[in-house]
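Please model the complete structure; the sequences and the hints are all you need to start from.
Quick note, the sequences are listed as chains S and A, same order.
Each residue of the first sequence is one higher than the one before, counting from 1417 in our numbering.
Each residue of the second sequence is one higher than the one before, counting from 104 in our numbering.
What the hints contain is simulated information worked out from the structure, not anything from laboratory work.
It should be emphasised that the depicted structure is a prediction, and the values quoted were computed from it without experimental measurement.
Please note: incorrect hints may appear among the correct ones.
[What the hints assert, rightly or not] Heads up, incomplete: computed chain A residues facing chain S, CB under 10 Å, no partners named:
{"id": "1", "residue": "120"}
{"id": "2", "residue": "129"}
{"id": "3", "residue": "132"}
{"id": "4", "residue": "134"}
{"id": "5", "residue": "211"}
{"id": "6", "residue": "217"}
{"id": "7", "residue": "226"}
{"id": "8", "residue": "229"}
{"id": "9", "residue": "244"}
Just so it is clear, CB atoms sit at the ideal spot from N, CA and C, and this is done for glycine as well.
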Amino acid sequence: MTILFSLGIVRGIIWGLASGGVAAGIVMAIRSGLGLPMWSPGPVTGVAALVGTLGFLTGLGAFNYWLEWALGRQKEEHHADQPRWRRYFGFDTNHKTIAIQYMVTSFLVIVVAGIYQLIDRLEVSAPGMQYISPGTYNSLMSLHGIMMLGAVLLGVSGMINYLVPLMIGARDMAFPHLNALSYWVTPPAVLLLLVSLPAGGFDTGWTAYPPLSARAPLGMQFMLLAFYLVGWSSILGSINFLTTIFKMRAPGMGLFRMPIFVWTALSTAILQLIFTQFIAMAFLMVLLERLLGLVFFAPDKGGNVILFQHLFWFYSHPAVYIFVLPGLGVISEVLPVFARKPLFGYAAVALSSLGIAGGGAVVWGHHMFAAGIEDVLRVPFMITTLLVAVPTGVKIFSWLATLWMGKIRLDTPLLFALTAIVVFLVGGITGVPNGIVPTDLHIHDTYWVVAHFHHTLFGGFVFPTMAAVYFWFPKLTGRFLNERVGKLHWAVMTVGFFITYLPMFWLGLNGMRRRIADYDPTLGLGPMNMVATIGGFLIALAMLLFFINLVVSLWRGAPAPANPWRSQTLEWQLSSPPPDENFSAPPRVVGPPYGYGTPGSIHAVVAPAGGTANKGA
Amino acid sequence: MQHPTFIENRLAINRTGLWLFIFSDAFLFAALLASRYYLLGVLRPQEVNQPLGLALSIILLLSSLTAYRGETAAIYGDIRRFRRNILFTVGMGSLFLVGVGVEWAEAFHSFPPSTAYGTMFFTLTGFHGFHVLTGVLALLVVLLPGQKKRLAAGNYWGVEAMVKYWHFVDVAWVFIYPTLYLVS
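In structure tokens form, the structure reads like this:
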């Protein structure tokens, strides 16, 4: 029992439940004092959720450090001799612990959101209503969207958290306590998302457009609050990433010696820092409209629904670059190692990430071509949208040129990276008709968009993340993932992906609208929908193989040496898993990060714990 | 061989983090200001309390001056002058909040939250007021007795951070005031 209560998360949950309950009681008391009916689900659960989250963080000990600072008592950092597993259940400030917390949470959310969509896929595999009600269909579809996006944000934060400090030769992030806080805001958010379905769900899709979202069931409110919390996590995280990259680089690590992944993390963090505020404000406005009767989006009282769409897409378009940029960075990390060649056009690739971020910031209007956006804005947004293809093309051509004449080893990480390139390329090309006004008016809100979007996210996040896990798992755990299961996982996932999403292009062109539970049987869309459903279950099977591989390899995988892939970047010059403090002394960076195949090329000199300096591989 | 140790410039790291936070927070107000102009253009009802708005602006601008004087005094080690100035700033900030409260009571009648202008007015002043409140609390933190030792040791980062935040809240008002009271 004492061990149980010494876990931060257990104390947090107790505090969270207690404070949430007290807050609900106070709100009800105030309401009855004002002569209102005591129970009103919106305000009571909303306040309870926010106060409960703060209570959870307090019980966890998230605020202790700042409290001690305010009182002028600087606490000593104590690394008590705890069993290793326990740090994952408490407020631990080590960036590697936090990264694994992020990744595990992300995978859990992906599983739930994936199951939601499998249910929906079954429903639309044939015309007519088979298994669930249209309302449930809408709720599951909406939650699938928002939970997957939350999971992607968590996964991105996880990868950046683990890799950036190691890659730039820092001992930790710039603000370790803020970093842990950024993570621990997310479990309450995940809980709120899970509660959303029993609380009535919501039928707006993940975009939460008013006026529908202003009157959707209570589940809507839980989703808005949850994403607001995830937004906080995102903003605080980005402050940390940027400060770390700007101020904590090892001696000699100039900007143009940073691995490409760090460049993509930098671009992602800039987007998060600026644009998350807009979706937070958009969602807060909907909440204020629901709870306090403000009229931002009520057309009959002087509001305007298009305002929401501007604010929403001002974040949510750059957000897709937040999702995919780190994944594209992973591809740029993996290819040179397995092709044994320097990354082609390093500087152009590095700057292309900033180019994508900057370009992606001014294209949001293309989501609103069919929504009544001002006519004069359409063509400018079309042009900026198509211009994003330029920096993206730089990356694609760099990858091809990197592979050209390389000594390629087809290990699992490279297989996933190659699939990612193909899938992302298809996603990019099929995005062009979405960006061009006349064609977009035809395919808007059809399965074409669904297929395009899933191509970009699978190519930009899912497949690169799989590559990243197979690539860095030995570094994280000191064990290899099983290579044969890995190749099977890759094959099933790649085939499953194309079986699922290629038919959706056809479906979309033939009039299959997105976000509907049923369709006209005379359209002849049934067979292709069935094919897509079968593909969806193949992806689920691949994920199952992946999780089995993770668990079994963690337990009895082949032991991995420090640098199994003969990589030159800094994280591989440390033991597997790396020591708590990463580097015993600052590494000295002396050359470019991808000097493969160049005799005598060294990226950095790293001093081992208590020994003399050894050269990078 | 001798190992060089990690030299981290904590102050520079903290400053970078604070500036990034302020930069990000500024976009919150940018979103609100953009919403006001998008919904209403430069439309402004006649009932806006002009004298009160002007008084609030003067109070907040003066409080930034005393905050600055407090910070400078802390840097020069003049603890008494530092406390006096910061206390004055806290008082002005509280006065500002009282003024916003008075204004809200009036606004409920002249342009209630269920009108478009009322919606923007209450949201803008509400979010800014929340920032003022957190700023006041932040300034109270550096007045806590536990902070004295730190100041005496020449570590005035806390004061610098809270005062920078206060200036940011002040600058935000410089944009909000004309948006709500002057444009027409």
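To see whether the hints hold, each was checked on the structure:
| no. | hint | in the structure |
| --- | --- | --- |
| 1 | 120 | 5 Å, holds |
| 2 | 129 | 8 Å, holds |
| 3 | 132 | 9 Å, holds |
| 4 | 134 | 4 Å, holds |
| 5 | 211 | 12 Å, violated |
| 6 | 217 | 6 Å, holds |
| 7 | 226 | 7 Å, holds |
| 8 | 229 | 9 Å, holds |
| 9 | 244 | 5 Å, holds |
Going through the hint list in order, the structure does not satisfy hint 5, though it satisfies all others.
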